[in-house]
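Let the hints inform the model, and build the full structure from the sequences given.
Next come the chains, spelled out residue by residue.
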Amino acid sequence: MPIQDMTSPGGQWLVLAVIVPVAGLLLAVLLGGRHAQRIALATVPLGAIATAGVVLQMIDSGAAVVYRLGGWAPPLGIVLRADGLSAMMMCATVVVLAAIAAFARADFATPRGDRETRAPFVFWTLLLGVWIALLVAFLAGDLFTLYVALELAAFAAVPLVCLDGRGETLQAALRYLLYALVGSVLYLLGAVLIYGGYGTLDIATLAHAGRADAGTVVAVALMTAGLLAKTALFPLHLWLPPAHAGAPAAASALLSGLVIKGSFFIVIRLWIDAFGAVVTPGAAQLLATLGGAAIVCGSAVALRQSRLKLMVAYSTVAQIGYLFLMFPLVLGALSAGAAAAALTGGILQAVSHATAKAAMFMAAGLMYAALGHDRVADLRGAARALPMTVTAFALSGIALIGLPPAGGFVAKWLLLSSALESGQWWWVVVIAIGGLLTAAYVFTVLARAMETPETPVAIAPVSRAQESIVLALAVLSAVLGVAALAPIDLLLTGRELGAGGVR
Amino acid sequence: MNSATWYGLVGAALAGIGLYGLIVQHHVLRKILSFNLLGAGVFLLAGAVARRGAAAGLPGDPVLQGLVITGIIVAFAATVLAVTLLLRLGQATGSASLSPRALDGATSSDGETKTSLDANEASPRAPPAATDPRDGATH
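Here the protein sequences line up with chains A and B, keeping their order.
Residues 43 to 545 (the numbering used here) make up the first sequence, in order.
Residues 1328 to 1466 (the numbering used here) make up the second sequence, in order.
All clues stand as given, with none of them false.
Just so you have them, the derived chain B footprint on chain A, three or more residues with Cβ under 8 angstroms:
| hint | segment |
| --- | --- |
| 1 | 210 to 223 |
| 2 | 230 to 240 |
Partner residues aside, some chain B positions facing chain A, computed with beta carbon under 8 angstroms:
| hint | residue |
| --- | --- |
| 3 | L1349 |
| 4 | K1358 |
| 5 | L1365 |
| 6 | G1366 |
| 7 | V1369 |
| 8 | L1372 |
| 9 | V1390 |
| 10 | L1391 |
| 11 | G1398 |
| 12 | V1401 |
| 13 | L1412 |
| 14 | R1415 |
| 15 | T1420 |
| 16 | L1425 |
The following label-pair restraints were derived from C-beta to C-beta distances:
| hint | chain 1 | residue 1 | chain 2 | residue 2 | range |
| --- | --- | --- | --- | --- | --- |
| 17 | B | V1410 | A | M492 | 46 to 52 angstroms |
| 18 | B | R1357 | A | G113 | 43 to 49 angstroms |
| 19 | B | Q1418 | A | L280 | 22 to 28 angstroms |
| 20 | A | A263 | B | P1427 | 27 to 33 angstroms |
Bear in mind the hints are in silico, worked out from the structure with no lab data behind them.
Beta carbons: idealized from backbone N, C-alpha and C, even for Gly.
Here it is as structure tokens:
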């Protein structure tokens, strides 16, 4: 019998965690103008408190935090449910979001004398919009609420791409929107078919009821295709580089660090939590093969880029690939412990990439602002002019390559060891090649930036506060491995759902 | 063949035509229309599934009807957003195509068009001015 999720003590924190940014967004739209920035900046710490409330409640009770909306029970009612995965992602999101908000204060201030300017107003309201979408994705307990989260993410992310209104960014935004729309309509089609087959969309119920019949396979395939288009997994990544590279630095950090993690998280919910028991090993291998192709192709193309921001964007394409390596490792693990290790590796990779890539995009943005261009070949003298920013770039690069003590190191270590343990040695080769290529493009940039120019380079001054924020986030990504050894227990809290994945 | 199956098949066909159009059509407006066709197909299919799964005495399963209503609202909002973006793209580049070539002929007028749309933004081709506190925002 399906376990009926009851509202757990402290379940109200879940509602609060979502309500706070929603209230902030509505207030920001209502008051408008320069208030949008103040409200967004005030909402971030309040939301952080709510997130901390959820996490502390979970540590305290050692179980998932659940809230039944309106007291209605599934399958008719909707539950918000935070397990260890949600908690980890919520924490990572609030930290990265706070850093981006602090960084963006200088770039998106409403100029003195203006009542309201378009780009700052849109940025601050949609910053909250992205946060809401991610929170809903992390907390939703049913496939339809996840659909709503997907749509929220698309509507919040697309305008961020074209904040400056140039033709090429409008094109990138439109292409992104079309990918996102097809993705969500395919997801909706899959959800309809699943409802037709099971009469419920509740993930906990589906975990026990799942069958490997044709309808389920078609539905999950459609939903996955939609989610991959939104996550920009190879070969559906074509929209990502122009969209992420063309946006302003803070928006790029938001898009590349956080937004894509939302749809990735829904893939985890679908493949591991809802249908972990019926996914075939071949399907999981196929998903990871796309991930492997993303790692190799994305890294190789990144290496060939002459523009820094495009290189960082292609690096995102590659790093998304690592996220998908976890599926055959979790689903094909020989023991519950091995499955937990692979799952931890995958989530840690997502958290590590969120911090490192946000820091890297903001560092690239500062270099652009200082030098007036982002041509990799002409970066000479950048390290002398912007030592903090180039150090931040190097540290986030270390996290992406996966050198100790970065979070990326622990993540890849866990993925490598579970690949060896379950006899899937080919993923070891892919991870190694990806690491080498990542090192190559990071060091290309660093070597160029550290050269001494023959003639002094004209440097526009950049804000010291912005440099400090980027450096702090990069340091965090580079030492995440140390902190990440402890929360493994948190990550697996309240995850009896995932037990279906171990055979 | 009962009517629900018939509607389901029509919905599937519509969805297929929409997806095909979305992939092969070059003009963005046609892509947007194809997306709407795809959406209509999915909603019709959902209606058919709702009819088949309905309890006795009900015309359709209310959960799926709720899903469809949400889907329609989202598709409407998405269409508005897409058409707005398309109009702005047309204003900025003089072309409604997603191909990179469409931008080449437009670079000269790019700055002017944008300035007229929002006088508060720096020109995209201009080097960053040290005195402008928002110069990071344009890259």
